[in-house]
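Undergrad: Residues per chain are reported as follows:
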Amino acid sequence: MSVLLYMIAAALGLAILALAGFLWALRSGQFEDPAGAAWRALNDEDHPARE
Amino acid sequence: MSVVAAGCPSRLTPPETGSVASNPAPFVTERGGRSALDIVVRGASCGGCLAKIEKAVGQLDGVQSARLNLSNGRLHVEWIGKLDPRRITDTLTGLGYGAAALDPGNPDKTYARTERRLLIALVVAGLATVNVMVVAEPLWFSPDVDAATRTLFHWLSALIAIPASAFCGLPFFESAISSLQRGRLNMDVPISLAVILAIGLSVYETIRGGEHAYFDASVMLLFFLLIGRFLDARLRRRAYAAANALAAMQTSSVTRIDGKGAAEAVKASDIKPGEILLLTAGERLAVDAEVIGGESDIDQRLVTGEVEPVASFQGQTLHAGAINLSGALRVRALAPASRSLMADVSRLLEAGEQKKSAYRRIADKAAEAYVPQVHAAALLAFIGWLLFGATVEHAAFVAITVLIITCPCAIGLAAPLVQVVAAGRLFQRGVFLASGDALERIATADHVIFDKTGTLTLGDPVLVSGYSPGDLELAARLARASRHPFSRAIVAAAGTGSIAASIKEHPGRGVSGMIDGRLARLGSVDFVGAGAGHSSELWFAIEGSAPVCFRFEDRIRPDAAATVRRLQQMGLSVELLSGDGHERVGAAAAEAGITVWTAAAAPMSKAAHLEELQTRGRRVLMVGDGLNDAAALAGAHASIAPGGAVDVSRLASDCVFSGETLAAVADVITIARQARSRMRENFAFAALYNFVAIPVALAGWATPLVAAAAMSASSAVVTLNALRLSGAGTPGDPR
Numbered sequence: 137m138s139v140l141l142y143m144i145a146a147a148l149g150l151a152i153l154a155l156a157g158f159l160w161a162l163r164s165g166q167f168e169d170p171a172g173a174a175w176r177a178l179n180d181e182d183h184p185a186r187e
Numbered sequence: 065m066s067v068v069a070a071g072c073p074s075r076l077t078p079p080e081t082g083s084v085a086s087n088p089a090p091f092v093t094e095r096g097g098r099s100a101l102d103i104v105v106r107g108a109s110c111g112g113c114l115a116k117i118e119k120a121v122g123q124l125d126g127v128q129s130a131r132l133n134l135s136n137g138r139l140h141v142e143w144i145g146k147l148d149p150r151r152i153t154d155t156l157t158g159l160g161y162g163a164a165a166l167d168p169g170n171p172d173k174t175y176a177r178t179e180r181r182l183l184i185a186l187v188v189a190g191l192a193t194v195n196v197m198v199v200a201e202p203l204w205f206s207p208d209v210d211a212a213t214r215t216l217f218h219w220l221s222a223l224i225a226i227p228a229s230a231f232c233g234l235p236f237f238e239s240a241i242s243s244l245q246r247g248r249l250n251m252d253v254p255i256s257l258a259v260i261l262a263i264g265l266s267v268y269e270t271i272r273g274g275e276h277a278y279f280d281a282s283v284m285l286l287f288f289l290l291i292g293r294f295l296d297a298r299l300r301r302r303a304y305a306a307a308n309a310l311a312a313m314q315t316s317s318v319t320r321i322d323g324k325g326a327a328e329a330v331k332a333s334d335i336k337p338g339e340i341l342l343l344t345a346g347e348r349l350a351v352d353a354e355v356i357g358g359e360s361d362i363d364q365r366l367v368t369g370e371v372e373p374v375a376s377f378q379g380q381t382l383h384a385g386a387i388n389l390s391g392a393l394r395v396r397a398l399a400p401a402s403r404s405l406m407a408d409v410s411r412l413l414e415a416g417e418q419k420k421s422a423y424r425r426i427a428d429k430a431a432e433a434y435v436p437q438v439h440a441a442a443l444l445a446f447i448g449w450l451l452f453g454a455t456v457e458h459a460a461f462v463a464i465t466v467l468i469i470t471c472p473c474a475i476g477l478a479a480p481l482v483q484v485v486a487a488g489r490l491f492q493r494g495v496f497l498a499s500g501d502a503l504e505r506i507a508t509a510d511h512v513i514f515d516k517t518g519t520l521t522l523g524d525p526v527l528v529s530g531y532s533p534g535d536l537e538l539a540a541r542l543a544r545a546s547r548h549p550f551s552r553a554i555v556a557a558a559g560t561g562s563i564a565a566s567i568k569e570h571p572g573r574g575v576s577g578m579i580d581g582r583l584a585r586l587g588s589v590d591f592v593g594a595g596a597g598h599s600s601e602l603w604f605a606i607e608g609s610a611p612v613c614f615r616f617e618d619r620i621r622p623d624a625a626a627t628v629r630r631l632q633q634m635g636l637s638v639e640l641l642s643g644d645g646h647e648r649v650g651a652a653a654a655e656a657g658i659t660v661w662t663a664a665a666a667p668m669s670k671a672a673h674l675e676e677l678q679t680r681g682r683r684v685l686m687v688g689d690g691l692n693d694a695a696a697l698a699g700a701h702a703s704i705a706p707g708g709a710v711d712v713s714r715l716a717s718d719c720v721f722s723g724e725t726l727a728a729v730a731d732v733i734t735i736a737r738q739a740r741s742r743m744r745e746n747f748a749f750a751a752l753y754n755f756v757a758i759p760v761a762l763a764g765w766a767t768p769l770v771a772a773a774a775m776s777a778s779s780a781v782v783t784l785n786a787l788r789l790s791g792a793g794t795p796g797d798p799r
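Order-wise, the sequence lines are chains R and Y. The numbering used here puts the first residue of the first sequence at 137, with every later residue one more than the last. The numbering used here puts the first residue of the second sequence at 65, with every later residue one more than the last.
Calculated from the structure, these hints are not laboratory results. Virtual Cβ for every residue (Gly too), placed ideally from N, Cα, C. Any given hint could turn out to be false.
[Stated by the list, open to error] Covered by chain Y, according to a simulated footprint, are these stretches of chain R (three or more residues, beta-carbon under 8 Å): (1) 143 to 149; (2) 152 to 158; (3) 163 to 176.
With the hints as constraints, model all of the structure from the sequences given.
TA: Written as structure tokens, this is what we have:
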């Protein structure tokens, strides 16, 4: 039975990790300009945003 | 400057011509020695534009960063030192894009915050749902598990579900409370009740060591509801951002000349009557004013609908929205910006908007009728089961099941999803929808009124054939230095090339310059000295040759006749209503195949005609672009404006189409009608679902989890039905 508890803890941990990843992506502005990001991938001269 | 193709390098989006200059200086923000400016860029649509714009602006002195957001068309520039912000906008217009500084005091931050908050809540609810299910679901399939393990698993569910529900439910709880404070019931009241009761009773059961807990039902419910809320918020924010960008295109800065004769750029809203303003060539007037010095041509097309510019004269009263074409003018402000003609029209728009808001939020209206019945049903179930001898817990669980199963999810999703899918499909065709509920109105329109100039026609004069290519090339060398619409038509026909030497503009008359050592003139018939002529002609003369004449016409859109026919086949009646003269309106009507037409209609009579039609029960779709159409656009049942329309008209319209074809008007109606049937199907399905589900829940045959699953399934059906709209082929599909 205790193995189930480990599984549940692991699942919860993964969920929290996923949530943290999502919040990081949101904070760093990765959802701000989906259209531009798609085009920038094709652009040879693009440089990361200087903030 | 080297010759670079104007506008989008892909050539799929036409370059923005005739962009109006406005000094962005008042909108620069300073922080820690760094200056920053946000600019709305029009006409940028691909990676090529992105690279071109960022590279050119990045090369200006002191620019630290220039980043264009292609999703909302905004360029953020930061620089150090004394860079004249005007050079940034000039660079953009030089590249062939429209540019206007965005007022930092005009933010869409609240919309962005709401959307962001809902997105976070949605993700949290999704993750919580998955995890609660992992914990809770095994219990449903193992009935012989011992009580201690069961309680432990219930507590684990509670550990995830309670914080998640508290966080994700906040948008609903807040809305429910504010609705109750106003003494009304909205959708969020039963949602909040269902969530709180389900959690509360589950906790009670768990403490008691009972068999069933329904934590999974509450988070799943919130997850599905949040999908609908998020999509709705996103559509609203996009509509607002687009409206904001359009507002930025209106002149909002002016050059004021103070008592000592020094010029200074200020916000238009700071101008007081009596102040002296400098209006340079290419600038748009922000306030009503009187000419006190200088000579120029004025383009009043946006104000009066007349295509041909007029020469300015001392003491002439100019309305806000007029564009100065050739020479610099000194004007005295007559009214503050808030009392100018533009502002009057804006107020008319607001009045019209309020009339339209009756259609807003169909879902909320449905909820108002629906919610009390849900509450009554749940209460009846509770009392009924108690009367028939059930325990309080059992009666409460039946009541919660009723609340969850009847949760207005399908109704909540029915409209916004269809609107999002339809808006996306229209967007692909270059049609921008200002609000989701506009579809409902466009779908029910039965009468279409077109404006002529700029709507049925292309709006900009086009050179009529009958000239020699050699003359055109020579004339273009002069025309490239002028902003006059006729000059622009010549340049459009001749393409890029060189400019004549020692160019001189003669306001109200024409342009002169030296070509190969010979004096050349381009302008009115008197200016060139060619004898008698007509006002819609432009004459060109070069020393040693006879003057040549260029003629122009306002050409009808290529597919106008086909579109009118298509509209008539769709059962709509078509009418032409224009402020232009009888002869031209009649000719355009004949060419487009419109039999009912009115010429020389003043703005107010346009609005009155519309009002009259609507009191007779017609539902009018107005298609127009000028300032003179704005009141009619706002007052109409539904309205569409072309991309070249004056800003207030675009703001007043339900949707805006870009490009040269008029087919978009018919496309919009077709898609709106399809969207309307999808919405009706969705509402019908939701009603049917409730009709079946409520008795089942009342009878106590469903548990809260089954209720949540049934509710989710009904939402899925509604979603899939909405998506059907994106695939369906329509007649007149451009691809």
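Undergrad: Next, verify each hint and record whether it holds.
TA: These are the hints, each one checked on the structure:
Counting residues of the region 143 to 149 of chain R whose CB lies closer than 8 Å to any CB of chain Y gives 3, so the stated coverage by that chain holds, three being the minimum. For the region 152 to 158 of chain R, the stated coverage by chain Y is satisfied: 3 residues place a CB nearer than 8 Å to a CB of that chain, which reaches the threshold of 3. Counting residues of the region 163 to 176 of chain R whose C-beta lies closer than 8 Å to any C-beta of chain Y gives 8; at least three are required, and the coverage claim holds.
When the structure is compared with the earlier hints, no violation turns up for any of them.
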